[in-house]
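Trainee: Residue-level listing of the chains:
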Amino acid sequence: MEVKQHILLAKFLFRNPLAFSILPLSFLGFSIFHLKIIKALLSQREYKIFHQIGLFKQQDKFQIWLKIILVNLAFSLFYFLFVSFYGVQENAWILLLILWFSVILGIGLNLWEINRAQEKPIPETILKRPKVNWNLPRFSWLILELRQNRPLLFLLTKILSLALLNGFFVSFATGVYDIRWMQFGVLATSFFQIPILMEKAEFELTKQSWFISIPFRSIEKFSYHFLSIILVSFPELLFLIWKGVYPFKGLEFLSLPFLVLGNQLILLGIQYWKFSSSSLSNWFIASFFILFLSVIFGIPWFVICGLSLIFFFYQTRSPYHL
Amino acid sequence: MLLISNFSKEYPSGFEVQIDTLKLKSGIHFIHGANGSGKSTLLKALAGIHPFQGKIELNGTDLGEKPLEYRATIGYAEAEPQFPDFLSLDDLIQVVAKAKNANQEEINQLKSAFGADSFSGFPVGTFSSGMLKKSALILAFLGKPQLVILDEPFTTIDTQTQHQLTEMIKDLAAQGVTFLITSHQNSPIANLPIQGIFKMESGRLSENG
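Chains as they are written, first to last, in this note's numbering: chain A, 1 to 322; chain B, 1001 to 1209.
Looking at chain B on its own, in the form it has when it is part of the complex (with noise of 0.2 Å):
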């Protein structure tokens, strides 16, 4: 279960994301709200990327008491992913899974599952914006976290691996694996079994049926 209290982040601007209480339980949730709502923010602060005021802990373990057990046990996919140019997906990979504990077979998996086999090698820069979302997203599978924050996963990708993706999200939510998810597009969203919509409206969320 992920559990968020008296939580805010304000940024100097002024805006100021804030949540009393919230509660998932394991399964897919979906945040949706306009552009600058606070959506992304919320979903970094949860990745442990943004410091926050408040609580967050998954399944016991607290993000600001243990940061490290907690950063192990989720994965985070950002809607534009930036990572160093030169590198290849594969010395992403290394660097993750060292530290994720995840191994070989468990990489070659998720390679093969979003078609990177073929491009792996190859430098980040040189990615269409589709290859940089499927690299993001193999990372945030990587080392079977508990806790999946998906921010604009469906975007830029083909639509076999959009299925792909959504059948792998059904498979690990059956399993346990608790899923945030954000998107503005609603068709792959429509084929997921969601168990709590949010929207996410200047900076409040709030749940929507």
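Pulled out of the complex, with its shape left as it was, chain A reads as follows (with noise of 0.2 Å):
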């Protein structure tokens, strides 16, 4: 948006109050969003030494804080200075008060929360393994860890990926598409896996670098992460089956789980690639138009399928690599 937008938008919003409550109630429920993760951080292991602040004094807890929560939030608090401008020109002087009555009221819940918290002890964490008498397969651990340690990054992503690909079910069934806007919908929710898979490469360089001693062959390497990507990706493969069997025919249905599941094996690769680069982010955006036109070019999905293996076992190849 340019900005001579974003001026029309903040006098839109001063003259209809209703449409205006979404800037005080958004900013509380990110501030409560943002308390949570404070909190969350605080009982990491990397972040516990930062409990300690709560035997500061009172005045020297408060300036830390209020440091760090205005600079969190420092973008809302800019674009509310920017509105609140227009409000002034507007004379909304009521919806001036209540949308800065909010942000104290934010600001200040996360101070008076986050002091509580630092008063008592850190909440024990609490392990959760699975109550099953068989011992836990290796291609389990991913999503063992995603639960134990990011439930809300995997649920986030589960929820955009099928709202998105549900949107994507929406259009096609209008039949003003062909299976490529399908295909493109998969690419679309395989990049928002990303996360996940940045997850994954974290697990595996930390809590699992002991086992690059151990002598895994390259079809149980293979194993372990492509069925830990299926078990992933699971909502989504149940998704397409559950919605995708009957719009299409024949075989053109399997062409959108195998490209969710090769298309992830790509991302994956070039994460193994360039884990550790700068330029990590730039490869990534360069896939997505690779893929792209690779889908506008109906280039057979099994063709790239068979690609994304290739290129997969060769970024695994080695080692080093688990």
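What the hints contain is simulated information worked out from the structure, not anything from laboratory work. Be careful, since some hints might not be right.
[As the list claims (entries may be wrong)] The calculated DSSO-like cross-link candidates involving lysine-lysine, where the alpha carbons are at most 30 Å apart (straight line), are:
#1 K1098/B with K131/A
#2 K1111/B with K274/A
#3 K243/A with K1111/B
#4 K221/A with K1055/B
#5 K1098/B with K207/A
#6 K1055/B with K274/A
#7 K1111/B with K131/A
#8 K207/A with K1066/B
#9 K1055/B with K207/A
#10 K221/A with K1100/B
#11 K221/A with K1098/B
#12 K207/A with K1111/B
#13 K1009/B with K131/A
#14 K221/A with K1025/B
#15 K1100/B with K207/A
#16 K1144/B with K221/A
Take the two lone chains and join them into the complex the hints point to.
Mentor: And the structure:
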């Protein structure tokens, strides 16, 4: 959006109180989300040292946390300052009062709750191991790690990717588009999994680094990665099977679940190739466009999946990769 | 025999571990050195965890040319083991035993020797540091390795387990297994028949009497 459009939006909001209510409500929602993130971080091993801020003098605690909260909410605050200028022009004093009261409330809530949390001992982590009688196979470790340590990330990623897929199915049902539209939808959905794939790489680099000393054969390594991705992509695969069988004819349908997996193998391969490089995001963007053009020009899905397999095998061939 | 030649491992900070030639016959070998001298770097390279320049060969199996065969013949226990919190020791043993063809009898013996039967079914994240170290030692000894690399094996474990570990090392060394051990604790090391003592200083290894 250009500045001119932001100005028009600001004026509109101050002329329509109902629409304006989005601002304070969304800020309060975001500040509660921010508070949950901070509290979760303070319980993590790497950040537990910051719990000792609870031993500082009240004034010092207030200053430290106020700075942190203001920096984290800076974008929202700058935007509110921007719209407030036009609120003054519109003489919408009551709405401005409500807006800035919500800001004070949100920041105050954060300060108060964090202070309260730091006065108590750090809550004990509850480890969730499935109550099963068999040993957990290695390909299940990723999804269990996400459940234990990144449940919100996993949930949000799945909700967003399923919503996106559903949107593509709805538009496909109009009959205007061909199978390439759905293949593009699957491509976009695969890229939504990037945060999960990055968590996978981080998980392997830290908690599984010792396993590099274990003699896993190539097929065992590939099975681990492939089955992990299938498990993590299970909601999307199930959704595709549920929604996808009837609109398509014969083998046409098969392209979608295979492309979900094939695209993720490419992304995982890029990740292992460029993990510590600053150009990782550029390579993700480049791969999106290459895959997008492949879909547009009708390159058969089994060719894309075949190439993704080769690329992935090549990137994980090293014995220093899990 | 363990043979290391033209070994170097450099970090982005510029710190480098370099070894021209090192030959270790079977038996117990001890490396000591100050914190940050490069001991763990060398051990991780020998365990196949860190890539390096040069050559590492164990009983004729070259790590660079036959990585799987080499890894199948070594066992490694880190100084500060880290595993996924939600897994039990039994989960970890199952994965390693399958990769190294260790049988149930061997697993039971090791668990009994380290007193792990009482906690092997619980999540690793609930373990004390001593239990974690015992778990790492069990995993290192699985599969009857020819080379066992132990980084600070005696820290955090109780004296009874230290004694058991010492006896296990002596027995296996007498059977031809090579041990490479680092430790800052003199007492358990003094009870071992050490074949060779090495000092690591600023990334350079030298042989001490």
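Trainee: With reference to the structure, classify each hint as holding or not holding.
Mentor: Hint check:
no., hint, in the structure
1, K1098/B with K131/A, "22 Å, holds"
2, K1111/B with K274/A, "40 Å, violated"
3, K243/A with K1111/B, "50 Å, violated"
4, K221/A with K1055/B, "25 Å, holds"
5, K1098/B with K207/A, "20 Å, holds"
6, K1055/B with K274/A, "26 Å, holds"
7, K1111/B with K131/A, "22 Å, holds"
8, K207/A with K1066/B, "25 Å, holds"
9, K1055/B with K207/A, "28 Å, holds"
10, K221/A with K1100/B, "15 Å, holds"
11, K221/A with K1098/B, "13 Å, holds"
12, K207/A with K1111/B, "22 Å, holds"
13, K1009/B with K131/A, "44 Å, violated"
14, K221/A with K1025/B, "33 Å, violated"
15, K1100/B with K207/A, "20 Å, holds"
16, K1144/B with K221/A, "23 Å, holds"
Taken one by one, the earlier hints fail for this structure at numbers 2, 3, 13 and 14, listed in ascending order.
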